[in-house]
Every structure is written in structure tokens, then in C-alpha cells.
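Novice: What follows is the residue order along each chain.
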Amino acid sequence: MRTAVLKFPGTTCEEDVVKALRLVKAEAEVVKFNSFDPDRYQGVVIPGGFSFGDYLRAGTIAANSEAMKGVREMADQGKLVLGICNGFQILVESGILKGALLPNLKLRFITKWTYVRVSRKDTPFTRGIKDVLLMPIAHAEGRYYLEDEEEARELAVFQYSNPSGLVVEEVNPNGSVQNVAGIANQAGNVIGLMPHPERASFSKLTPDGSTDGLEILRVFGK
Amino acid sequence: MMLTLSSKEMELVRSTLDREPNEAEWKVVDALWSEHCSYKSSKTFLRSLPTTGQGVIMSVEDWQDAGAVDVGDGWALVLKVESHNHPSAVDPYNGAATGVGGILRDIISKGARPIALLDMIRVGGLDAKGKWLLKNIIAGIASYGNSVGVPVVGGELSFDPTYTDNPLVDVACVGVVKASEIVPSVVRTPGLKLVLVGFTGLDGIGGASFASRKLSGMDEIGAVQIADPFAGKILIDATLEVRGKVEAMKDLGGGGLAVAVTEMANGLGARVQLERVPLRVKGMSPEEIIISETQERMLFAVKSENVQEVCRAFEDYNYPCEVIGEIVSEPRITFTYEGKVVVDLPSQLLLSPPLFVWPMNRKVRTEEVKEVSVREALSTILLHPDLGNKEWAYSQFDYEVGVSTLVKPGQADSAVIELPNGRQIAVKGDANQDLCEVDAYECGKAIVAEAFRNLASVGARGIAAVDHLQFGDPRKPEVYQDFVDSIRGISEAAKFFSVPIVGGKVSFHNEDKNGNPIKPTPLIVMAGLVEGKYLKPRVEEGWLVLLGITRNE
Amino acid sequence: MYAVELIIVNKDGVRDPEGETIKRFVIEEQYSGIIGEVKAGKYVRFLVEAKSKDEAESLVKRIAEEKRLFNPIVHKIIVRSERVEDGSP
Amino acid sequence: MYAVELIIVNKDGVRDPEGETIKRFVIEEQYSGIIGEVKAGKYVRFLVEAKSKDEAESLVKRIAEEKRLFNPIVHKIIVRSERVEDGSP
Ligand SMILES: Nc1ncnc2c1ncn2[C@@H]1O[C@H](COP(=O)(O)OP(=O)(O)O)[C@@H](O)[C@H]1O
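Protein sequence lines correspond, in order, to chains H, V, C and B.
Residue 188 in the working numbering sits at position 188 of the first sequence; the count goes up by one each step and never skips.
Residue 45 in the working numbering sits at position 45 of the second sequence; the count goes up by one each step and never skips.
Residue 6 in the working numbering sits at position 6 of the third sequence; the count goes up by one each step and never skips.
Residue 28 in the working numbering sits at position 28 of the fourth sequence; the count goes up by one each step and never skips.
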């Protein structure tokens, strides 16, 4: 699948994502935010980083860009949209995904390997994949919030869990409602998540040699 | 006007010029002759360090911004260490963050892509002030490193009352570049255009001399610099995009344009039209423009035909890029403002400050060893915050970005990262203030050996190191003696292990508010290549084997 | 010219860890009973050319909404202004 | 009861990259000429039991200093207050 990896000023993970996408044979390329043409791609990934320095609030300034209008178009057309970390924040800030991402309860940046339970398998990204994935988070503003907790649970695709997939409060790294680590839109073609699948795609970099991130990225190789 | 020049130095300037310099000229001389930029009290001894060796591509000899060594397949590893001690004492968050920004710019100045950062932090203790310092220092490093996407892969956290007023914030960076694509810091031919990127503001006016002075506790607002990691990220990305079109580059650090232009011209001359400098605030005086130390700026020497292309990359990010002058053959540094000459000084004068060797005197050390019970010794050691779990600190760093951190913080004595050519390097920074306080010479040797051992513990052999020498006021004979002794130690050990010292930095005037020097704190950052497979950080089971003789030390 | 302040705070009911932390560490030891709620937020100050206070404030409100300077799901905003001569607060 | 606002911004003359970035990338295209300077900072609101406005404000000032809620080397603070009944802003 022709996939754009969108780079805003301040994006830091674009090359890492491309490297991982190549492993699943996706036709991926980095595209700068001011030269993004949504019609040329079937999929788009908004990688992690600190777009526009995350000034004011993570993702806000990028959410205002022309490029995000293009992403919205793709989302509306049912094309695949994946936002990782800052990408998730941008999707939420632009209103393409519902909710908000607030500062971690501990009020600091946290890097940590986390287990997440895959709670929705009705999305193109999660169809038929494992139940529990191991991926690292690295963020300061990842506390997912939605007033209606029931709705949050329905949207949730990934929830922080223990290694056997139990969603328990003790493993919630940032205080998100319902341990939400990632959500999708109703249709399932737009996903945002705080953990980094691209960092869980190379066995030499993971604590146990797993490559769970590839499970999510694989859809771009189709 | 606040100058750090001594009356003897001022006399020397007057007699060389055969006239009284104007105020702007004094400031330019002051910046270039500051300890920070000129190494006038240390150069004589730094020359004794082993700076060449197998694999060294660029070393101190070339007087470049950072050193480089061969890591195979045409790739070079670029290495540099620096501190931001005084700024961090007054504004730990911005002080530490701008330290990271500065060290990153040193690496990109060579055309290298920064791939890892290390931070070595020393504060007084865990009282209210120490906590405030530590919390903000770590947050500052995290904010900058994370924002620009360079993983902080290791470092040190150490506590000692000697740092209560004067914390040490050392940051080191490694980068990679094809050896054939290293960009020099100095020019060789006249005619090149000088291109400045980034806005110039009022920040940090007087910073180079600030670092070369003790902390007065007075209003140091002028020397406070605010970090702008977002601008730093743009600078890194755009600079690496254009590196092939640039003949020489330098970051703007201590002493601002005055120092960058003079050092880049390196004996040739330069003419700069100050009215062309893009300003952040209106109404800056020509002098202020010359010595402003605003962060996130770079100076490039570019062939006329490449200027447009270079600037386009920055304009893409809405980042200012302007031709401000050119390199000329007449060896004079000239700054003009709207046609009026502001500064006109011979390059040679600026580049040759008088060197000093200060008097030395060895401290009288008490040989007596205190008797302590095993119990007391053990509990003192085990309860010392130095041995505490550092996860609180390193979990604030994005050490996974770049998908190349193989051995991560907290897993082993050194970090291991993968290079673009598939080889692996290990890096580690080490200092030992307690030993240095007792015997600076032995300590110099010990820290090199410790760094070498730390690398060995993950299966790597040291290939290059940089040192950072942090002391009190060099005019104090005991301080200066320690300084000289530690260099002798470092030098001897580096030769013994065949690890060339490819760069470093000196920081004097680290003192508490009563004017007592900090414990001598030389620091070594060493990089090594992993031979074969890197060693697993932890094993599940097996024998514990202790090598070497245990002495009563 | 008007100096318009935009204050962005969490809605009531949304946790405000920063306010909570300030309250907990900063106050309770010494000032409990004196200091009640503590709420933290973001402050942005705009210098606006406008004919009236109203015009200045509604411009900033519009910008805040259009550019999503706040996220209506979690934040509420307070907008205030005062007339200034040279813009220094 | 008094609602005391503590606003922490960079001192004049000290850079404010956050405000600059908001201005450059969010405001400028559409509103240049209308919006001048943009300055960003922190906002903390305390509910304080005090006998007078003065007492309330000086208490918050003292807390801000003692507890290092700002760094006097880089920041300046603005403290304001108003009398409130129930504390809702
Ligand atoms: N303690 C030291 N040991 C070895 N080399 C040093 C030391 N201090 C400074 N140097 C070298 O002196 C040169 C000039 O450094 P400097 O001008 O301070 O660099 P920068 O412009 O990056 O601050 C560099 O090559 C640096 O590595």
C-alpha cells in the first residue's frame, strides 16, 4: 500500500516508522507537511515526536495545518490513518478522533515498556492479531480522557493491561480512563495509540525478542 | 562595561594595535580571549594529551569543534562533551536544556547526525534545593533531547555537598557521518559568503565571560538563555539537509558572532554587515548583535552559487537565513553597521591571546585512613543516593527513539547503540570527585580505566574519548596543581589503553558561594566498538567471578 | 490596543494533577484550612488592535475556537481584557 | 474567601519561544496586523481564606516564592485577586 509518513516540523519518529514499514513491505515514504497530497496515498501514518515543539499543548498547532485537512479527507474516504503518540495527539486535537490527551498524572515524561490488550478486532489494523501486545510508550501527555467512560471503552482498541491481558489499574502508566492506550473511530479505519509499534518491530530492541508492533503495521504491507 | 581582561592583557592589546580599541572592539577581544573560548590557562597542558592514534580522523590538533574516529565502512563517529554549570545553577531547566542544544550543534557542525546523548549530573544532595535543581535539570535535558529525537542513552547522577552551589551538568553527544562528508569548521579560501541562520536576540549577552567568572549571585538575567528545542530540531533537520552545499560551518556558542566569525576565518579575514543579521527584537545595538549568544543559530561559509539552495531548506521551515558578509583574504575581522565601521581588528590578535601557566602548589594531604566498622561502611555506601535507582531520571528520557538503542539505561554499565553500518558502539561517561579530591593524578588514571572497564563490561573496546576538566579558580595554586595532575593522569592512562583523546572542554571557576573550589571533577566520556557480540546485560543464573586483587583502598 | 488574556483550565470534574500536586506538596503542610482549591492552567496573552474591548475579546474567543487553542471536551476558557498603551503588562 | 490568581510569564526581555511559535504558526497568516505580541505562561488559581485582599495576595506571593513555583531569575509573576462567595470561577 502506498503510505505517506507525515513529517511536521518537530516530528522525530518518521525514519523509524519507515524502517519498520519496510519490514512489512509497505511502500512507505516520508512526506513533509507542506507538500502532502492525500490523493496519492492509500494510507497515512502520523508518527511520534514534538510537532511544533508541542507548544501550547501536544498536537494543537499541527492540528491546525492544511496537511490535517488532507488527513481528514483520507479518513472520510475510508483510507487507513494511523497516529502514533504525537500522531494520536494530533488526531485528537484536530477532532478526527474523539476525546483528549491530557498530561500524565505523574506530570512527567515517561518511557516504559507496556503490555496492551487488543480490545477491538473489528479494525483493519487489528483483525486477527494477538490478544496482548508488548510495546513501549514515551510521552508526557498521554492520559486519554472522554467524559463518557462507556463510550471510551467502546472506542478503545488498546488498553494497558498486565502480561496476561487483564486490564487493571496498577499497570495504567498515565491515568487514562479505562486504561485506554489507543482508540479508533466508529468505522475503524482511523486509529490513534500512545505506544510505539515501530519500536516494537525489531527483535533486538524488545525486552523479550517479540515484534508485536509489526502486527499492527502489517496492514500497510497489503 | 564589564570585561574579564586583566590590565596586562589590555596593555598588550593596546600596544599591538597601537591605539585604544573602541568599546565594541574591547568586547570582541574580551570574548575571544575569555577562558571559555581561548583555553588560555589550560592549552599548555592539554597539548600533552595523546590526541592521535589508529583510527583518529579529526582531533584536538585540528582545533575543530569535535573529534572524530573511524568506525568502519567509511563511517566516522563524532564525539564531544560540554558542561553548562553556571547557567544551570541559576536556571536549572533552561541551563541544562540549552546545554543539550549546544552539544547537539557541535555535532551537526561537523555534518554528523546526532545519534545519542549522555548526561552526567552532579548536585549537592537531596535537600529542597538539590531536589529543585535535579528535578529541573533532568526535565530540561528531557525536554530538549526528547523534542529533537535524540535518545539520552546514559549518564551519571552523583551527589556531593561540594556541588551545593555549583551543580555540574555535563552533556555529551555522539554523531555519525561518512568520513568523506565531514564538514570543516574553518575556511581555507577567501570569497565564500557567510550565511547566518536563526534569529539573533538579546539572550545571553555576556555569557562567555559569565562562564569564565565566578557566580556572583547578582542579577544574571542577561546571561540566562531560554531553550527553544523546537527551533533546535528545525536547525538539526535543515542543517543536515544542506551539509553537502556548505564549505564550513560553526555553531554560535560563547562569544556569539564575534567568536564564530573569527574562528571560522581562522587567520583569513571576514567582513560582516551587521544590519543584515535577522533580529528577534527591534533596536539592538551593533555591539549587542556582535556578542549576543542567542541559541539555535549556525554560521555557514557557502559558495555564492549555493546560497539560494542552502537558504531554501530553512525557509521551508519558516526559519531565517541570511547572507551577512564574506570571507576575505586581508586578515582583518571587520564588522560594519549601515556603512559605519564598528569593529576592525587583525585576525591574528584575536586568535592569539597570551597563554598562562599559573603557580602551582600541591595540597597537603592527610595520609591517615579513618577506621570504620564494616557495618558502618556498608550502610554508608548502600544508603548513599549515588547508588539509588536512577529510573526516576532516565524514564523521563526517550531513550528508544531512533530504534537503535540496544542496551538501554539501567541495563548495564554502558549503553550500546547500533550504527548505520550495522556495527555497535558502547558509550559511557565517568568521573570520581572523591578520589580526585585525594589524588588528582591517580584519579585521572582511574577515570580513564573505569570508562574503559565499563565499555568492556558490555563487550566493547574503547576507541576514543573526550574529557571535561572541571575545577575551581585556576589562579589558586592548589586548584591549578590538581588540574595539571589530573591531565597527567588522564594522559598516561589514555596512552596505556591506546585510547586517543579526540576532544574535550575545560571549565574553571566552579566554586561555592564562599569561594571554595568544588572537588576537582575531571570527567571522561569514552566510546568503544563492540567486538563480536555485545554482552547480555543480565544473566539469569551462573557463577559470580571476581577478577583482580582486592586491596585495602 | 487591548491586552486580551486567554486562560485555559480543565473543566470541573476533569482531574487537574498539577493543581492537585501544588495543593498537596505546597500547601497542606503549612497552609491547610487557609488554602482551598488550587487549579492550574495555561495562560496566553494577546496584544490586539481593536476598536472596543468587546471586539478584542470576541476576536480572541474566535481564534481560540477556530484554532482549537482549547479542547472543548476537557477545557473551559476565561477571556478578559484591558486597554493598554504600549502593551507591557 | 478570595480567589487569587498567580500568573507566571517570562520576564520582559527574556525570550518566550512558546508565545513566538503560537504567533508564527497559528496566528500570523490570518491575523497579522491585528494581533501583536503573543505571550504564553502558566496560570494557577488559589482559593484563600483571608481577612483582606492584601492578606490573600501576599500569602500567595509568599507560597510562590517559598515553594519555588517560579524562578525569579527568568520569570515574573502577576498576582491578582477578587472576593468570591463560593469559589467557582
Ligand atoms: N580538556 C580538553 N581535552 C582535550 N581537548 C580539549 C579540551 N578542552 C577543549 N579541547 C578541544 O579544544 C578545541 C576547541 O574547543 P572549543 O572551542 O571549546 O569548542 P566549541 O567551539 O565547541 O566550544 C576542541 O577540539 C576541543 O575538543
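What the hints contain is simulated information worked out from the structure, not anything from laboratory work.
Where hints are given, some of them may not hold.
List of simulated lysine-lysine pairs, DSS-like, C-alpha gap at most 25 Å [stated by the list, open to error]:
#1 B:K11 <-> H:K106
#2 H:K106 <-> C:K67
#3 C:K42 <-> B:K51
#4 C:K42 <-> H:K106
#5 V:K131 <-> H:K112
#6 C:K67 <-> H:K32
#7 H:K204 <-> V:K40
#8 H:K112 <-> V:K129
#9 B:K67 <-> V:K129
#10 C:K67 <-> H:K98
#11 B:K42 <-> C:K42
#12 H:K106 <-> V:K533
Just so you know, these numbers come straight off a predicted model, no measurement behind them.
Novice: Straight-line Cα separation of K67 (chain C) and K32 (chain H) no greater than 25 Å?
Specialist: holds (21 Å)
Novice: Measure nothing beyond the straight line between the CA atoms of K131 (chain V) and K112 (chain H); if it is 25 Å or shorter, mark the hint as holding.
Specialist: holds (23 Å)
Novice: Run the distance test for K67 (chain B) versus K129 (chain V): straight-line Cα separation, threshold 25 Å.
Specialist: Judged against 25 Å, a Cα distance of about 10 Å means the pair holds.
Novice: Mind checking the alpha carbons of K11 (chain B) and K106 (chain H) for me, to see if they're no more than 25 Å apart?
Specialist: violated (28 Å)
Novice: Can you confirm whether the C-alpha distance between K67 (chain C) and K98 (chain H) stays at or below 25 Å?
Specialist: holds (17 Å)
Novice: Please verify whether K42 (chain B) and K42 (chain C) have alpha carbons no more than 25 Å apart.
Specialist: Within the cut-off at roughly 5 Å; holds.
Novice: Decide if the proposed pair is consistent with the structure: K42 (chain C) and K51 (chain B), CA atoms, cutoff 25 Å inclusive.
Specialist: Outside the cut-off at roughly 28 Å; violated.
Novice: Are the Cα positions of K106 (chain H) and K67 (chain C) separated by 25 Å at most?
Specialist: violated (28 Å)
Novice: Given the hint that K204 (chain H) pairs with K40 (chain V), test it: the Cα-Cα distance must not exceed 25 Å.
Specialist: violated (47 Å)
Novice: Tell me if the straight-line CA distance from K112 (chain H) to K129 (chain V) falls inside 25 Å.
Specialist: Distance of about 28 Å is beyond 25 Å: violated.
Novice: Does the alpha-carbon distance linking K42 (chain C) and K106 (chain H) stay inside the 25 Å limit?
Specialist: OK: K42 (chain C) and K106 (chain H) at ~18 Å, within 25 Å.
Novice: Quickly compare the C-alpha distance for K106 (chain H) and K533 (chain V) to 25 Å and report which way the hint goes.
Specialist: Violated. K106 (chain H) to K533 (chain V) sits at ~38 Å, over the 25 Å cutoff.
Of the numbered hints stated above, those contradicted by the structure are hints 1, 2, 3, 7, 8 and 12, listed in ascending order.
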